[in-house]
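Protein chains: 2
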Amino acid sequence: MTFDPSISIAVLGGGQLGRMMIQSAMNLNLEISCMDPDPNAPCKNLASHFVNGDITNYDEVLAFGDVHDVITVEIENVNVEALEELERRGKKVFPQPRVLRTIKDKGLQKEFYLEHDIPTSEFVFIHSKEDLKDYTDLLPAANKLRTEGYDGRGVQIIKTEADLNKGFDAPSILEKFVDYAKEISVIVARNEKGEISTFPVVELEYHPEQNLVEFLFSPSEIDATIRANARKLAEKVITAFDMVGLLAVEMFVMKDGSLMVNECAPRTHNSGHHTIEGNITSQFEQHIRAILNLPLGNTDTKGSAVMINLLGHPDHAGTAKYQGIDEAMNITGMHVHLYGKKITKPFRKMGHVTLVGQDLQKLKETARSLKESIKIIA
Amino acid sequence: MTFDPSISIAVLGGGQLGRMMIQSAMNLNLEISCMDPDPNAPCKNLASHFVNGDITNYDEVLAFGDVHDVITVEIENVNVEALEELERRGKKVFPQPRVLRTIKDKGLQKEFYLEHDIPTSEFVFIHSKEDLKDYTDLLPAANKLRTEGYDGRGVQIIKTEADLNKGFDAPSILEKFVDYAKEISVIVARNEKGEISTFPVVELEYHPEQNLVEFLFSPSEIDATIRANARKLAEKVITAFDMVGLLAVEMFVMKDGSLMVNECAPRTHNSGHHTIEGNITSQFEQHIRAILNLPLGNTDTKGSAVMINLLGHPDHAGTAKYQGIDEAMNITGMHVHLYGKKITKPFRKMGHVTLVGQDLQKLKETARSLKESIKIIA
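Chains as they are written, first to last, in this note's numbering: chain A, 1 to 378; chain B, 1 to 378.
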């Protein structure tokens with residue numbers, strides 16, 4: 001077959017995920033256009049065409065997608081109706097709009113799991129804050145906005161009845177806390193031919209308050225059977241969605257070794273950043289391979305890896321400066337990825353660091369001390 | 001120390017080397033501007049600022065460099081006088097203009113080796129074609145233009161007296177063929193603090209007619225003492241030049257195990273492309289670290305690697321199409337890098353492929369068959 005790099009790809013969203021996708025797509029001469037509401041989005045100077053626009057607006061998304069061959073996303077909160085119209089016009093839209101419609105609404109997403117016999121935690125629909133008091137038997141629980149939650153926003157923890165007033169007065173779900181042993185993620189890819197490939201399981205450690213991934217460990221140190229089950233479960237989910245593209249499936253490992261799906265993202269994901277240096281094929285290249293119907297790449301690890309999210313210092317906002325990066329560059333196997341964001345804000349995702357080596361325990365120790373020594377201030 | 005990514009970097013040249021430098025510089029939020037005479041140069045859409053200009057013109061180079069903090073090159077054939085003026089104005093210019101002045105002239109380069117007791121092959125200066133007939137005792141030999149030779153251009157092989165008419169009627173050198181066992185390359189980096197770091201030795205296999213690297217093998221399979229000597233020799237050369245930046249030192253390994261320097265390039269180099277996936281730090285990141293006076297990265301190999309240059313098919317010129325890339329994507333550890341060139345020409349460097357794995361012999365076999373199956377046609 002002859003590979004024609006002149007195929008044009010449109011990405012809704014122009015943040016760090018789009019930026020790392022462009023970085024990978026350069027290897028295939030692919031030109032990527034991005035649309036983002038932020039005129040200084042991370043992709044601004046790197047996209048072949050950057051459109052400063054509203055990705056939730058029907059007309060803007062339609063006009064943007066209509067001049068490209070393949071349309072994809074780096075965020076779920078996009079105008080699905082426009083993507084459906086683009087699909088009707090014969091464009092390749094991956095993930096498919098119907099998948100985005102289900103996943104972008106945490107309520108529909110949870111219902112989908114129930115319908116497809118995919119294990120997930122107990123939940124109820126909440127229409128307004130008033131409803132919460134009817135479900136105190138579910139506490140402690142997480143109250144999650146059905147739409148527009150992202151990077152720790154749109155989630156409130158309701159531990160006891162005293163916290164009920166923290167809940168959202170908006171369509172949301174209340175999700176019973178599960179007493180899990182570990183949080184893991186499996187990224188799975190599928191192309192139009194129906195080929196499926198999963199990445200090895202990783203473990204996630206969250207920031208205690210911000211609901212943001214703080215550390216990622218690859219490979220996971222869980223039992224081989226559970227690992228195999230997790231990869232099978234991810235395959236089951238992408239098959240159930242009948243989707244093309246990349247799907248990050250976040251799961252809980254329960255104390256009895258069983259698995260529950262926490263949530264999914266039909267795109268490249270924070271839990272796959274380590275794959276750039278840590279795996280044979282990166283999640284960004286795999287996404288491109290999947291949406292262009294190319295053969296999927298081998299996902300094996302090249303060793304152990306720890307990823308650290310670099311978040312804006314809680315007390316700083318303004319033009320970003322990076323303390324401790326120079327010194328960190330002395331560490332063998334340390335790879336820094338800054339996201340091209342001029343302005344830092346408390347807990348804003350400004351970049352990540354991946355440590356690659358053979359001894360996961362040593363990498364974890366290095367990571368915990370590195371986390372303290374790098375500060376993003378204004 | 002606080003790392004400030006707002007430092008601005010100017011690159012003279014906007015080809016594949018600049019493009020892969022930008023790809024790496026993205027990880028540090030660094031903005032890179034490029035100047036290139038080709039309005040469709042590979043960096044055009046990826047540089048923060050792309051200036052279509054003449055990099056050999058004093059005024060254009062001065063104006064371009066003057067609005068940046070650090071100036072570097074991806075090709076030697078640039079206006080050195082303008083770089084000297086920029087240096088006088090307090091700009092960081094790495095490699096230093098005096099190094100470029102010596103290296104861009106193959107005659108001065110050879111004289112430099114003699115002066116600094118760096119082993120190199122026997123040569124004479126040629127002023128015009130007429131001179132050649134006085135040096136038939138040097139045959140077989142290579143007649144090389146003193147300046148402007150690049151990628152196989154500017155070199156004529158003079159095997160016997162019958163070939164004398166193929167020689168250049170221009171300032172050139174005539175270099176006696178050396179009966180070497182292998183061609184190798186060592187890339188060495190040096191920062192302003194004087195820290196020096198060499199990459200492991202690689203072996204090069206040239207296209208039989210085009211004087212272009214066809215295959216690169218990493219690590220080299222030569223004796224450990226020769227390897228150590230080669231790294232020491234590269235350190236000696238960069239120290240003799242007292243230069244900051246990256247220096248590729250191409251060498252011959254003689255049949256008795258001694259070394260001769262063939263030629264140098266004070267920049268990222270074709271013999272370092274495999275480092276992107278094959279070594280802990282890539283040559284592109286190392287170059288950036290060196291010119292910004294950051295700590296140099298660890299250069300260890302991550303396994304074995306073979307790099308194949310993808311050259312335009314000898315019978316095709318026009319809009320490039322890539323045969324066999326899809327199929328090649330089934331090979332585990334195959335990484336393709338296309339250079340963003342719309343137009344292919346016979347033997348034009350259009351991209352490269354790196355195969356990474358543990359067994360160098362198997363990688364070599366795969367590489368030789370892959371070389372036949374990928375065709376860049378119009």
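Keep in mind that the hints were calculated from the coordinates and are not lab data. Just so you know, these numbers come straight off a predicted model, no measurement behind them. Any given hint could turn out to be false.
Heads up, simulated PhoX-like pairs for lysine-lysine below, C-alpha to C-alpha not over 25 Å straight-line [what the hints assert, rightly or not]:
1) 364/A - 302/B
2) 193/A - 321/B
3) 232/B - 255/B
4) 364/B - 302/A
5) 193/B - 321/A
6) 166/B - 345/B
7) 321/A - 92/B
8) 321/B - 44/A
9) 321/A - 91/B
10) 44/A - 232/B
11) 176/B - 129/B
12) 92/A - 193/B
13) 255/B - 236/B
14) 345/A - 375/A
15) 91/A - 182/B
16) 362/B - 92/A
17) 166/B - 342/A
18) 342/A - 255/B
19) 302/B - 302/A
20) 302/A - 362/B
21) 236/B - 362/A
Hints versus structure:
no., hint, result
1, 364/A - 302/B, "holds, 20 Å"
2, 193/A - 321/B, "holds, 23 Å"
3, 232/B - 255/B, "holds, 19 Å"
4, 364/B - 302/A, "holds, 20 Å"
5, 193/B - 321/A, "holds, 23 Å"
6, 166/B - 345/B, "holds, 23 Å"
7, 321/A - 92/B, "holds, 22 Å"
8, 321/B - 44/A, "violated, 28 Å"
9, 321/A - 91/B, "holds, 22 Å"
10, 44/A - 232/B, "violated, 44 Å"
11, 176/B - 129/B, "holds, 16 Å"
12, 92/A - 193/B, "violated, 52 Å"
13, 255/B - 236/B, "holds, 22 Å"
14, 345/A - 375/A, "holds, 12 Å"
15, 91/A - 182/B, "violated, 53 Å"
16, 362/B - 92/A, "violated, 38 Å"
17, 166/B - 342/A, "violated, 57 Å"
18, 342/A - 255/B, "violated, 56 Å"
19, 302/B - 302/A, "holds, 9 Å"
20, 302/A - 362/B, "holds, 18 Å"
21, 236/B - 362/A, "violated, 36 Å"
Going through the hint list in order, the structure does not satisfy hints 8, 10, 12, 15, 16, 17, 18 and 21.
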